[in-house]
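Trainee: Sequence:
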Amino acid sequence: MPEINSEKIQKCRDIYEKNGLNKSAIKLFQDIIYEYYDTYKINFPWRQTEDPYHILVSEIMLQQTQVNRVIKKFQEFIGKFPSFHTLADSSLEEVLKAWQGLGYNRRAIYLKKCAEIVVDKYEGKLPKDRKSLKDLPGIGDATSASIMAFAYNKPVNLIETNIRTLYIYFFLYNDENISDSDIIEFVEKTLDRNNPRKWYNALMDYGRMIKKNFGNLSRKSKKYTKQKPFKGSDRQIRGIILSFLLKNGETNQKTLLTTLKIDNKRLFRILNDLKNDGFITAEANVYKIL
DNA sequence: TTCCGGTGTA
DNA sequence: TACACCGGAA
49 MPEINSEKIQ
59 KCRDIYEKNG
69 LNKSAIKLFQ
79 DIIYEYYDTY
89 KINFPWRQTE
99 DPYHILVSEI
109 MLQQTQVNRV
119 IKKFQEFIGK
129 FPSFHTLADS
139 SLEEVLKAWQ
149 GLGYNRRAIY
159 LKKCAEIVVD
169 KYEGKLPKDR
179 KSLKDLPGIG
189 DATSASIMAF
199 AYNKPVNLIE
209 TNIRTLYIYF
219 FLYNDENISD
229 SDIIEFVEKT
239 LDRNNPRKWY
249 NALMDYGRMI
259 KKNFGNLSRK
269 SKKYTKQKPF
279 KGSDRQIRGI
289 ILSFLLKNGE
299 TNQKTLLTTL
309 KIDNKRLFRI
319 LNDLKNDGFI
329 TAEANVYKIL
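Heads up: the first sequence begins at 49 in the working numbering, then just goes up one per residue.
Keep in mind that a hint or two might mislead.
[What the hints assert, rightly or not] Calculated pairs, BS3-like style, for lysine-lysine (alpha carbon to alpha carbon, straight line, at most 25 Å):
no.	residue 1	residue 2
1	Lys89	Lys246
2	Lys279	Lys302
3	Lys71	Lys56
4	Lys279	Lys237
5	Lys75	Lys279
6	Lys173	Lys71
7	Lys173	Lys202
8	Lys56	Lys237
9	Lys182	Lys237
10	Lys89	Lys56
11	Lys161	Lys173
12	Lys169	Lys182
13	Lys302	Lys276
[As the list claims (entries may be wrong)] Pair by pair, the computed Cβ-Cβ distance ranges are:
no.	residue 1	residue 2	range
14	Arg95	Lys173	15 to 23 Å
15	Thr134	Lys71	42 to 50 Å
16	Asn70	Lys120	22 to 30 Å
Hint data in this document are derived by calculation from the structure and do not stem from the laboratory. We treat Cβ as the ideally placed atom computed from N, Cα and C, and that holds for glycine.
The task is simple: from the sequences and hints, build the whole structure.
Mentor: This is the structure in structure tokens:
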């Protein structure tokens, strides 16, 4: 475990408890985060670029997915699709193949759609304002804020799981059922407005470290939800169908039925969902990637 | 076997 | 507001 400056952390908490989040508490907090970052920062591939396209690809991949799983996929992806134009012009099949292993395949569809919109509507340049970014498919609060910070170095309020964990650890440790609006106040007040890009990289590294060593404090957040088991779920079946179609090309329903050994009605429902989600086409009981 | 998360939709 | 969505690691 990396060295943690417990003394400074305790002092920071003490000042906050006694006087609220005043200047000296904020200064101390920033010092702790930057001190850690100076020693332990990691140069992820997406930190070696400010290209908005690369940042977008990495942020979509990092939704719901740990950094270690993203690193290799990110490099392969931008190797295959080096620009908005190449991604927009590629087939969905190629893009989904490059996405295999990351999970939540809808993100690949959204990302390709983003590229098409950027090319058609924004002359190949990713918009620079939060609102336009949020209007793009697959980009919500966290991703739009991340792009503002990491691509454009703008001082927005950004909250995601590592940041949530970090602020709970420092200031809300004894609370339960914490809402994001409470955390955002800390995010806003402690933000290093002169260096948002560096600041959020540092925050996230620190948050990851807290998670690793002190458990997932996001469980204290209202956002936290437990999920259903993956084994035997529709999610699992969808993944299997998709990788089967990517490997074997167009396939009829009977082949899928014998491969998957599931109820005919259930298979039909799942295939219909995949069709509605824009993954596949269905004609005369033959299915293939769109 | 259990765990984890950001976005879109109903 | 609740729920669906992936797959690899612990």
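Trainee: Now look at each hint and say whether the structure bears it out.
Mentor: Results for each hint:
Of the supplied pair hints, the one linking lysine 89 and lysine 246 holds, its CA atoms being roughly 10 Å apart against a limit of 25 Å. For the hint pairing lysine 279 with lysine 302, the CA-to-CA distance comes to about 23 Å; that is within 25 Å, so the pair holds. Note on lysine 71 and lysine 56: the hinted pairing holds, with a Cα-Cα distance of about 15 Å set against a maximum of 25 Å. Taking the CA atoms of lysine 279 and lysine 237, the gap is about 43 Å. The hint is violated against a cut of 25 Å.
Between the alpha carbons of lysine 75 and lysine 279 the distance comes to roughly 47 Å, so the proposed pair goes past 25 Å and is violated. Between lysine 173 and lysine 71 the CA atoms are separated by roughly 39 Å; this puts the pair beyond 25 Å, and the hint is violated. Taking the CA atoms of lysine 173 and lysine 202, the gap is near 17 Å; set against the 25 Å cutoff, the hint holds. Annotation: proposed proximity of lysine 56 to lysine 237 holds, straight-line Cα distance about 19 Å (limit 25 Å).
For the proposed pair lysine 182 and lysine 237, the alpha carbon gap of about 24 Å is at most 25 Å, so the pair holds. Restraint check for lysine 89 and lysine 56: the C-alpha separation of about 19 Å stays at or below 25 Å, so the hint holds. With a C-alpha separation of about 14 Å, the suggested pair lysine 161 and lysine 173 falls inside the 25 Å cut-off, and the hint holds. Taken as a hint, the lysine 169 and lysine 182 pair is honoured in the structure, with Cα atoms around 15 Å apart against an allowance of 25 Å.
With a CA separation close to 29 Å, the supplied pair lysine 302 and lysine 276 exceeds the 25 Å bound. Range check, arginine 95 to lysine 173: Cβ separation about 22 Å, and the 15 to 23 Å hint holds. Our hint of 42 to 50 Å for threonine 134 and lysine 71 holds, since their Cβ atoms are close to 48 Å apart. Under the hint 22 to 30 Å, the C-beta atoms of asparagine 70 and lysine 120, about 44 Å apart, miss the expected range.
Going through the hint list in order, the structure does not satisfy hints 4, 5, 6, 13, 16.
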